[in-house]
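Chemist: Let the hints inform the model, and build the full structure from the sequences given.
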Amino acid sequence: MNPVFPLNLWDVSLILAVTAIILLVTSEILSPYYGTTNLKINKKRLKNSAITTSILFLVTVAIRIATMIYGMS
Amino acid sequence: MRTSVNSPRAIGLILLLLGAAGLLVAIIYSSSVPALISLGLIFWGIIISYIQSEEYVKKTILNSTSTTLLTALDETLRSLDYRGKAIYLPPKYLNDPQSTKVYIPKLQNGTLPSPDATQKLEMQPTQKDAQGILVTPPGAELARLLETELGTSLLRIGLKDLPQRLPKTLIENLEIVTNCDIQTSTNSITGKSPDAQTSQNAIFVKFNTPIYKDTCKRATQLSTIYSNIGCPLSSALAIAFAKATGKPITIKTQSTSEDGSTNETEFAIVEEPTT
Chain C
1 MNPVFPLNLW DVSLILAVTA IILLVTSEIL SPYYGTTNLK INKKRLKNSA
51 ITTSILFLVT VAIRIATMIY GMS
Chain W
1 MRTSVNSPRA IGLILLLLGA AGLLVAIIYS SSVPALISLG LIFWGIIISY
51 IQSEEYVKKT ILNSTSTTLL TALDETLRSL DYRGKAIYLP PKYLNDPQST
101 KVYIPKLQNG TLPSPDATQK LEMQPTQKDA QGILVTPPGA ELARLLETEL
151 GTSLLRIGLK DLPQRLPKTL IENLEIVTNC DIQTSTNSIT GKSPDAQTSQ
201 NAIFVKFNTP IYKDTCKRAT QLSTIYSNIG CPLSSALAIA FAKATGKPIT
251 IKTQSTSEDG STNETEFAIV EEPTT
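Line by line, the protein sequences give chains C and W. Read in my numbering, the first sequence has 71 at position 71, and its numbers run on one by one without any break. Read in my numbering, the second sequence has 22 at position 22, and its numbers run on one by one without any break.
Keep in mind the hints are simulated off the structure, nothing from the lab. Some hints could be false.
Stated by the list, open to error - Residues of chain W clear of chain C, computed beta-carbon distances all greater than 12 Å:
#1 P8
#2 A35
#3 S79
#4 T224
#5 T253
As the list claims (entries may be wrong) - Cross-link-like lysine-lysine pairs, in silico, PhoX-like; alpha carbons within 25 Å at most:
#6 W:K213 <-> C:K40
#7 W:K213 <-> C:K43
#8 W:K206 <-> W:K160
The structure presented is a predicted model; accordingly, all values stated were derived computationally and were not measured. Virtual Cβ for every residue (Gly too), placed ideally from N, Cα, C.
Modeler: Okay, here's the thing in structure tokens:
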């Protein structure tokens, strides 16, 4: 049996999209402008993680678009 | 010996291990469902390990320690009988530009001495003919923390940029205020001769602080602190304005709400003595 990674780029993109949405919404809810929260978490790092995951998702989308454009020609 | 367990790190590590094991199983059996689940576990493992909780201290501890220091400063100034209006000095008045001092004149209508005189006073604080005293203000370390969070020295930020940058740092980075509004005003008063033209500069600050509300409330009961040196937050703001403008600053008026959470302060830029 030849071991193969069973996911393609689109699956990884989906996971990244879901994770990015959860993190972005959480970081916005925990924003000090929204009100005082009692969650003891490093909000700066949470925001950084949300932005990084979003960028990673956009990179996968860009790869997909590039594949579509250059794959046709 | 009891060892403390860092729970977010432990949870993150467990998720990472589970994810790695799941991914291995998914690759062996070429199954996409365990692969999706384990990839999700790995992502969350990394995120939870990275987003660790910060170190927090109870507000009651913060208040009880800071109010004691304010009371001690108030008692010291009252026992030494320094009645003048506290003046926050910009770096040119001090030997070390990184240090922060407030000048309190001996007499109620005492004026600001020259930069040379304050530098001399800093070197020899016990000189007999001194007309005032140099004290490290209660917001000195908070102002230093502000500089760290801003990522630059307050000397490099002008008064023009400060109303935009300071509230963001206080609300988002330090989380000590829930809202902060800074307004600057310059009213030119023109006299009969061109030399008599002076400018009255004032900075109005309104902030809401759930963290320092008890300390600010306590400060209202201290005669030499309230409307003079200010509560730690007002003091830190006065230091920031003194550094940003490069001119001496005083707290002109200060009003605090009954619970101490809302504070409105008017800072004035002091006219410097002509040499």
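Chemist: State for each hint whether it applies.
Modeler: Tested hints:
no. : hint              : verdict
1   : P8                : violated, 9 Å
2   : A35               : violated, 5 Å
3   : S79               : holds, 39 Å
4   : T224              : holds, 31 Å
5   : T253              : holds, 28 Å
6   : W:K213 <-> C:K40  : holds, 20 Å
7   : W:K213 <-> C:K43  : holds, 23 Å
8   : W:K206 <-> W:K160 : holds, 17 Å
In the structure shown, a violation is registered for the earlier hints numbered 1 and 2, in ascending order.
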